[in-house]
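K.L.:
Sequence:
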Amino acid sequence: MQGERLGGRDRIALAVQRAVGRIVSPLWVPVTVGLMRFGLGWTIADVEETRRVYRVFCDSRGPRLICANHLTLVDSALIAWALGSPGWFLRHYAALPWNVPERDNFAFSSLSRLAAYVMKCVPITRGGDRRDVGRVLARVTHLLARGESVLIFPEGGRSRSGTVDLESAAYGVGRIIAALPDCRVFCVYLRGEGQHDYGDRPAAGERFHVYVDTIRPRSELHGMRRARDLARQVVRRLADLEQRHFAEAG
186 MQGERLGGRD RIALAVQRAV GRIVSPLWVP VTVGLMRFGL GWTIADVEET
236 RRVYRVFCDS RGPRLICANH LTLVDSALIA WALGSPGWFL RHYAALPWNV
286 PERDNFAFSS LSRLAAYVMK CVPITRGGDR RDVGRVLARV THLLARGESV
336 LIFPEGGRSR SGTVDLESAA YGVGRIIAAL PDCRVFCVYL RGEGQHDYGD
386 RPAAGERFHV YVDTIRPRSE LHGMRRARDL ARQVVRRLAD LEQRHFAEAG
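Residue numbering for the sequence shown follows this note's numbering, starting at 186 and increasing by one per position.
If you're looking for bench data, these hints aren't it; they were derived computationally from the structure. Note that this is a predicted model, so its numbers are computed, not measured. Beta carbons: idealized from backbone N, C-alpha and C, even for Gly. Take the hints with a grain of salt, since some may be wrong.
Computed Cβ-Cβ distance ranges for the label pairs, DEER-style [to be verified]:
id	residue 1	residue 2	range
1	Met409	Ile208	39 to 45 Å
2	His277	Gly224	21 to 27 Å
3	Ser297	Ala434	30 to 36 Å
Assemble the whole structure, with the sequences as input and the hints as a guide.
P.N.:
As structure tokens, this is what we get:
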């Protein structure tokens, strides 16, 4: 990313973090899924088809950026579960998405920082120092260039309206796409049958529906206008998937 090159120390730190997470992944990956499936009773409709489409996406060449709508604090875990089974992710660890959670939500204590570290997270302070935010974006760009999947919420936070907001498209997503000319974006729209608004987590026993599509954003603009345009293309596709969801839900 122009002006935000990742130094050797940060590259090594990410490599070490990935290695540590992979070593303990036979523990934390199935435990996380088990808590969702059996502890909370969540289910995902037509999950095998969603996973098939994601496998095809992962088999294609180029950076793999995943962008999704955002309603709860546990969306990252739900989306990863929708995209692959624990066994498949243990065999294809690069396909298990990295996440960019809000530091205040997921890295506020020693225990939460440890969990975020092993679970492929690069915390960010939204609205924080521009240099720190740029460093996080550079890390994400580096991971994508190295063949890792990364999940980002392009609206920048949970939707307060409960629906995709085109005007909330975050520049950061566009800057990442602009830095990786061959970047493909796997758009994911996930919503529970009983979800009508944003919140901390879905209700126990919730059943989710997932809609996916792949796009390759392009823009002839420059600078921040280009980043904004690219981000809006992604959010617009998520809005299209949302319309499809509500049309099929009746």
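K.L.:
Each hint: holds or not?
P.N.:
Hint check:
{"no.": "1", "hint": "Met409 <-> Ile208: 39 to 45 Å", "verdict": "40 Å, holds"}
{"no.": "2", "hint": "His277 <-> Gly224: 21 to 27 Å", "verdict": "25 Å, holds"}
{"no.": "3", "hint": "Ser297 <-> Ala434: 30 to 36 Å", "verdict": "35 Å, holds"}
In summary, the structure agrees with every hint in the numbered list given earlier.
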